[in-house]
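Novice: Residue strings, one per chain:
Protein chains: 2
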Amino acid sequence: MADDNVVYIGNKPVMNYVLAVTTQLNSANEVTIKARGQAISRAVDTAEIVRNRFMPEVKVKSIEIGTETITREDGSTINVSSMEITLAK
Amino acid sequence: MADDNVVYIGNKPVMNYVLAVTTQLNSANEVTIKARGQAISRAVDTAEIVRNRFMPEVKVKSIEIGTETITREDGSTINVSSMEITLAK
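Chain order of the listed sequences is A and B.
Just so you know, we're using my numbering here: the first sequence kicks off at 448 and counts up by one.
Just so you know, we're using my numbering here: the second sequence kicks off at 448 and counts up by one.
Where chains are identical, the list cannot tell them apart; a pair therefore holds if satisfied intra-copy or between any two copies.
Derived pair list, reagent style SDA-like, types lysine to any residue, alpha-carbon separation capped at 20 Å:
#1 Lys-508 / Ala-467
#2 Lys-536 / Gly-513
#3 Lys-506 / Val-527
#4 Lys-506 / Asn-526
Simulated from the structure, these hints should not be mistaken for laboratory data.
If we strip away everything but chain A, and leave its shape as in the complex, we get (with noise of 0.2 Å):
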């Protein structure tokens, strides 16, 4: 399944996102990191600490950028930057 390489980052802590990417990287040969909004500042964080501190071998295959339009409760609309930060080693 491909989700099982994706890590979507949140509103956690950002070494519980580290440790997820380490995890995932043992036993994969690339991991995808993902985030919207606010979060894109965390992707970039767990992306850096898992390259500098617990896996240097690992590179930055890819970044992208891009808007999505998240539909409110309220059916609203509004656009949302999001971040994809591919991993691999």
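Use these hints to put chain B onto chain A, whose structure you have.
Specialist: Leaving out everything else, chain B in the frame of chain A:
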């Protein structure tokens, strides 16, 4: 001067930076958006608003992430994530 084509993202409203980037892109072929820490998500917002709303012909040329070590007034150091997004016509 190389810095002419760089926009540093801070804590102002995102439209200030959108205006700065679009202005520079009218006189230069590419602009680099730089941000650190929490401002990283605003940098992505800036790039996406410029591309989607004002200058659809502009492409994301490159995105880089890194870590900078900052020395605080008391002499201690902290690591902060950084990001550079280069937009080009």
